[in-house]
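Protein sequence lines, in the order shown, are assigned to chains F and E. Counting in the working numbering, the first sequence runs from 1 upward without gaps. Counting in the working numbering, the second sequence runs from 1 upward without gaps.
Keep in mind that the hints are not guaranteed to be accurate.
Calculated cross-link-like contacts (lysine-lysine; reagent style DSS-like; alpha-carbon spacing at most 27 Å) [unchecked claim]:
#: 1; chain 1: F; residue 1: Lys2; chain 2: F; residue 2: Lys370
#: 2; chain 1: F; residue 1: Lys370; chain 2: F; residue 2: Lys284
#: 3; chain 1: F; residue 1: Lys370; chain 2: E; residue 2: Lys87
#: 4; chain 1: E; residue 1: Lys28; chain 2: F; residue 2: Lys370
#: 5; chain 1: E; residue 1: Lys225; chain 2: E; residue 2: Lys28
#: 6; chain 1: E; residue 1: Lys225; chain 2: E; residue 2: Lys31
#: 7; chain 1: F; residue 1: Lys284; chain 2: E; residue 2: Lys87
#: 8; chain 1: E; residue 1: Lys28; chain 2: F; residue 2: Lys2
Sample of chain E residues at the chain F side, in silico, Cβ under 10 Å [unchecked claim]:
#: 9; residue: Ser13
#: 10; residue: Lys14
#: 11; residue: Arg50
#: 12; residue: Leu57
#: 13; residue: Pro79
#: 14; residue: Ile81
#: 15; residue: Phe91
#: 16; residue: Leu134
#: 17; residue: Tyr196
Derived from the structure by calculation, the hints contain no laboratory data. Just so we're clear, the structure is a prediction, and the values are computed from it rather than from any experiment. Glycine included, C-beta positions come from ideal geometry on N, C-alpha and C.
Residues per chain, in single letters:
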Amino acid sequence: MKSLSRLLAIVRKETRQLRRDRLTFGMIVGLPIIQVLLFGYAINTDVRNLKTAVANQANTHLSRQFVAALEQTQVVDIIATVESAEQLEDLLRAGDISLGVVIPHDFDRRVADASRAAVHLLVDGSDPTILSVATQLRSMPIAFDVQSRTVREKMVVGGPLGPIEIRPYYNPERRTPVNIVPGLMGIILTMTMTLFTAVAIVRERERGNLELLINTPVTSAELMIGKVIPYILIGLLQVALIIGIGRLLFDVPIRGSIVDLYLAATAFIAANLALGLFISTAAKTQFQAMQVMIFYLLPSILLSGFMFPFDGMPKVAQYLGELLPNTHFIRLTRGIMLRDATLMELYPELLFLIGFALIAMTTAAMRFSKRLD
Amino acid sequence: MSDEFAIEARGLSKHFGTLRAVDRLDLKVPKGQIYGFLGPNGSGKSTTIRMLCGLLLPTEGSATVLDTDIPGDSRALKPRIGYMTQKFSLFGDLTVFENLQFIAEIYSFPKQDRGSRIEALLQQYDLVQQRDQLAATLSGGQKQRLALACAVLHRPELLLLDEPTSAVDPQSRRDFWANLFQLAEAGTTILVSTHYMDEAERCHRLAILDRGVKVADGTPDELQKNTGMHIVEVLADDPYRAHAALSNIPDIASVTQLGIRLRALIPTTVDDPLRLVDRALRSLDVQAHAQLTPATLEDVFVAVTMTPRERAA
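With the sequences and hints as input, model every part of the structure.
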């Protein structure tokens with residue numbers, strides 16, 4: 001009974017302090033909005049309008065049709081027509097173009113010959129995204145290469161039709177925000193939640209409040225849990241904000257159950273808050289706490305499957321990624337929001353988050369001694 | 001544990017690396033009294049207080065505080081002591097009322113009495129006007145009163161005050177001590193550390209700490225009577241020259257200048273201190289008048305914090 005009243009005292013105190021801390025309050029609301037807008041509008045992996053130059057040495061009816069088809073894809077923006085491959089190389093080196101297309105003299109004959117490439121693409125490989133986009137373009141030349149003569153006519157007339165047909169599920173329009181927003185939710189929560197509690201104990205220590213607090217009957221567990229509770233609510237508020245903006249501006253769907261999504265988010269928020277508290281018990285100053293927190297944020301962005309497909313990462317990176325709550329949360333959000341998966345189907349991910357939260361919380365409470373030395 | 005003492009420390013020591021912050025301290029604080037810790041900065045006052053309330057673990061020795069053994073589980077002790085730090089440790093982003101409310105909640109002060117207790121404290125410590133003001137915006141004296149109100153809200157039997165007056169003006173200090181006397185009269189034992197002589201003089205008993213060692217203890221009267229020194233006050237036209245004349249005499253342990261007066265401390269082993277002083281002054285042709293005078297606490301402090309070599313003079 002006394003324990004509960006002490007816990008509530010801490011919760012009330014934290015809430016009051018939070019309400020008066022305008023900067024933090026602004027961060028709670030502002031950070032999700034800005035991040036979603038930024039990522040939603042600016043970060044776009046469907047590349048368009050790559051600056052391109054063409055050296056059409058064949059200059060036949062067929063080759064001109066090919067160039068027209070290429071332009072129709074909107075992936076390339078042909079800004080120059082030159083004579084030779086050497087000129088293309090010069091433009092590439094100068095950074096004027098990202099892509100050079102060489103159509104040899106014997107283009108028509110090469111198209112008919114499956115063993116020879118009909119077109120050469122010179123690609124600025126210093127940006128891997130451009131390289132991968134250019135690789136996608138190969139569906140056009142490949143079509144010319146491997147298809148038989150009879151199919152060829154149809155292809156040239158009907159536009160590029162690769163031998164491999166791609167049908168994207170769950171995000172048929174291949175819009176980036178649909179994929180980004182569920183993952184971004186994890187990044188934003190990692191950033192704000194961990195930061196809030198990472199400085200929580202250290203700040204009290206720096207202000208001298210801790211000396212007073214540990215001289216009262218309040219226990220470590222009461223103090224830790226009391227500090228976490230207000231932030232769980234704030235985290236859920238951020239989730240609502242992110243979902244709302246995603247929905248409103250980018251049409252990000254929630255195909256699964258919203259309750260499942262909130263349950264998953266609660267576990268994830270608790271895991272990050274608990275980790276923050278753990279950092280707080282280890283750090284001596286607020287600055288140290290921030291440093292550790294950034295050390296944790298980077299892999300959460302890079303190794304969680306948010307930036308790069310998880311299965312494509314090296315094994316070691318995957319093992320590291322599996323240790324991060326964000327990896328499991330992104331699987332949950334993408335599953336629930338985009339694939340209509342249920343929490344039951346994804347329960348190992350949820351279990352990881354709950355386990356992580358419990359372990360971090362217990363360690364933090366044990367590490368926090370009610371003494372100064 | 002006797003009923004007589006609120007605190008009994010036996011050989012209490014705290015080392016930080018090679019530094020002996022507190023060195024084998026013995027201490028007996030009677031119940032219901034104001035007990036002073038007098039000493040300069042770094043003499044181990046704060047460290048001792050922190051060990052007594054369980055904030056720091058003693059390197060050696062032990063203590064009994066209100067029937068609770070230190071080192072040991074100090075949980076049972078927490079509700080029975082009040083603690084006020086040098087920095088006051090208030091929550092600057094909470095109002096005066098909210099600070100008190102938080103303390104009431106955290107000490108599980110009976111709910112039905114909470115409101116009246118807080119109102120009474122606001123009255124008692126003259127904070128009614130500041131009730132809804134953020135603690136960070138209070139003046140030094142107001143902060144100090146609020147900190148004391150927070151420390152006594154749960155009616156502790158023992159109050160540990162760590163240099164509570166070092167950051168406030170003289171008027172606030174006087175008011176503060178008036179409050180302490182009231183609390184002591186009501187039965188609260190108070191351990192207060194200070195580096196002000198006038199405050200030390202108001203304590204029922206006091207201990208003088210110097211570099212972690214207790215060099216003297218007793219009532220202010222006892223201490224003043226047992227300095228082991230003659231105190232000679234010298235009134236000179238040229239106190240600077242008088243100082244020069246006296247400070248070279250090996251039998252004079254210490255000379256302190258206070259305005260145009262000088263106070264010379266001479267060990268009681270010297271039979272005629274006045275003649276010694278007169279002779280020294282005449283040797284430099286200084287016009288001055290010397291007379292014996294009772295010791296003040298300041299003299300006591302100077303006498304007991306001397307190195308053994310100085311003391312032997």
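Do the hints match the structure? See the list:
| no. | hint | verdict |
| --- | --- | --- |
| 1 | F:Lys2 to F:Lys370 | 18 Å, holds |
| 2 | F:Lys370 to F:Lys284 | 15 Å, holds |
| 3 | F:Lys370 to E:Lys87 | 19 Å, holds |
| 4 | E:Lys28 to F:Lys370 | 26 Å, holds |
| 5 | E:Lys225 to E:Lys28 | 21 Å, holds |
| 6 | E:Lys225 to E:Lys31 | 24 Å, holds |
| 7 | F:Lys284 to E:Lys87 | 19 Å, holds |
| 8 | E:Lys28 to F:Lys2 | 33 Å, violated |
| 9 | Ser13 | 13 Å, violated |
| 10 | Lys14 | 8 Å, holds |
| 11 | Arg50 | 6 Å, holds |
| 12 | Leu57 | 6 Å, holds |
| 13 | Pro79 | 5 Å, holds |
| 14 | Ile81 | 7 Å, holds |
| 15 | Phe91 | 6 Å, holds |
| 16 | Leu134 | 8 Å, holds |
| 17 | Tyr196 | 22 Å, violated |
The structure fails hints 8, 9 and 17 (numbered hints given earlier, in ascending order).
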